[in-house]
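A.B. asks: Sequence:
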Amino acid sequence: MSEGVQSVHYGTDSIHYTVRRSTGRHSSVRIHVHPDGVVEVEAPEEADSNQVREAVRARAQWIVNHLREIGARQRHVLPREYVSGESHFYLGRRYMLKVQTLTMPEGVRAKSPLREGVKLSGAYLSVSIRPPRLLRVEDGEQRLPLALTDSEDKALRSARRQKVKILLRDWYREHAAAYFQKRLTSLQRNIAWLSVVPPFRLQAMQKQWGSCSPTGVLLLNLHLIKAPARCVDYVLLHEICHLREHNHGNAFYTLLESLLPDWRHMKDRLDNMAEMLLNE
Numbered sequence: 001m002s003e004g005v006q007s008v009h010y011g012t013d014s015i016h017y018t019v020r021r022s023t024g025r026h027s028s029v030r031i032h033v034h035p036d037g038v039v040e041v042e043a044p045e046e047a048d049s050n051q052v053r054e055a056v057r058a059r060a061q062w063i064v065n066h067l068r069e070i071g072a073r074q075r076h077v078l079p080r081e082y083v084s085g086e087s088h089f090y091l092g093r094r095y096m097l098k099v100q101t102l103t104m105p106e107g108v109r110a111k112s113p114l115r116e117g118v119k120l121s122g123a124y125l126s127v128s129i130r131p132p133r134l135l136r137v138e139d140g141e142q143r144l145p146l147a148l149t150d151s152e153d154k155a156l157r158s159a160r161r162q163k164v165k166i167l168l169r170d171w172y173r174e175h176a177a178a179y180f181q182k183r184l185t186s187l188q189r190n191i192a193w194l195s196v197v198p199p200f201r202l203q204a205m206q207k208q209w210g211s212c213s214p215t216g217v218l219l220l221n222l223h224l225i226k227a228p229a230r231c232v233d234y235v236l237l238h239e240i241c242h243l244r245e246h247n248h249g250n251a252f253y254t255l256l257e258s259l260l261p262d263w264r265h266m267k268d269r270l271d272n273m274a275e276m277l278l279n280e
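Residue numbering for the sequence shown follows my numbering, beginning at 1 and increasing consecutively.
Derived from the structure by calculation, the hints contain no laboratory data.
Some hints here could point you the wrong way.
[Claimed, not checked] Calculated lysine to aspartate or glutamate pairs in the DMTMM-like style (CA-CA distance at most 20 Å, straight line):
hint : residue 1 : residue 2
1    : Lys163    : Glu245
2    : Lys267    : Glu245
3    : Lys163    : Glu42
4    : Lys98     : Glu86
5    : Lys98     : Asp170
6    : Lys165    : Glu280
Model the full structure from these sequences, guided by the hints.
C.D. replies: Written out as structure tokens, the structure reads:
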């Protein structure tokens, strides 16, 4: 269960944090600084608010340093290069991109083309690609050049980045379709007035996270799969509410609040991450 936003002061900085009570085996207070700058404190049920506050104060320097790093990254969001070492997001977590070129051992002939793909492994988002080939026309025939010119090398690098981008987008699309379907099914079970799971389509967009058509089909932003799970639920519930209340009037927000009391907090989190999540 999550508690309201609280704060402590550290020098000239204010640290705002939420408290989530845990019932697991951890008996200590644990602090998480999420990629969007949200500070979440995971505390056992028996820890009172003073104990939680003191734990935050004890880690204040560490928290402030992380928040400053996040702020610096958000101010300098650069276009993606799709090369190893870049950060990419999935369900609110930051993963390091690792691009690997598929090769066969010398002397071994593949029975079928090497399989390209994307795999989530630990802290890495690994993309395996076949090496792009550049054929040069010489004397009317296509041949593999022994050495590349600068322009050919640039073309190969560009082709490699484009291949990684396409594979990643396909992977995001596959996982977004499965995850959104799963969450819509789960949410529908707990909404008495929603008799069926609403259908949806995916589209990469830069200006909105979702919309609802007059026929009841949800249009969801492909990039939403990069956001924290609670932010995904906020967008899904927002669009579900439009199935009943088409305009953003008082009735709409009353309905949304009944389904997600902390929707404003989730909206703020999503807004703060938007530039990073939408960056291509």
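A.B. asks: For every hint, state whether the structure bears it out.
C.D. replies: A quick look at each hint next to the structure:
1. Between lysine 163 and glutamate 245 the CA atoms are separated by roughly 42 Å; this puts the pair beyond 20 Å, and the hint is violated.
2. With a C-alpha separation of about 19 Å, the suggested pairing of lysine 267 with glutamate 245 holds against the 20 Å cut-off.
3. A hinted pair counts as satisfied when its Cα atoms are at most 20 Å apart, and lysine 163 with glutamate 42 does not qualify at roughly 40 Å.
4. In summary, the hint linking lysine 98 to glutamate 86 is supported, as the alpha carbons are separated by about 8 Å, within the 20 Å threshold.
5. Between lysine 98 and aspartate 170 the CA atoms are separated by roughly 17 Å; this keeps the pair inside 20 Å, and the hint holds.
6. Between lysine 165 and glutamate 280, the direct Cα distance comes to roughly 9 Å. Compliance with the 20 Å bound is thereby established for this hinted pair.
The structure is inconsistent with the numbered hints 1 and 3, although it conforms to all the rest.
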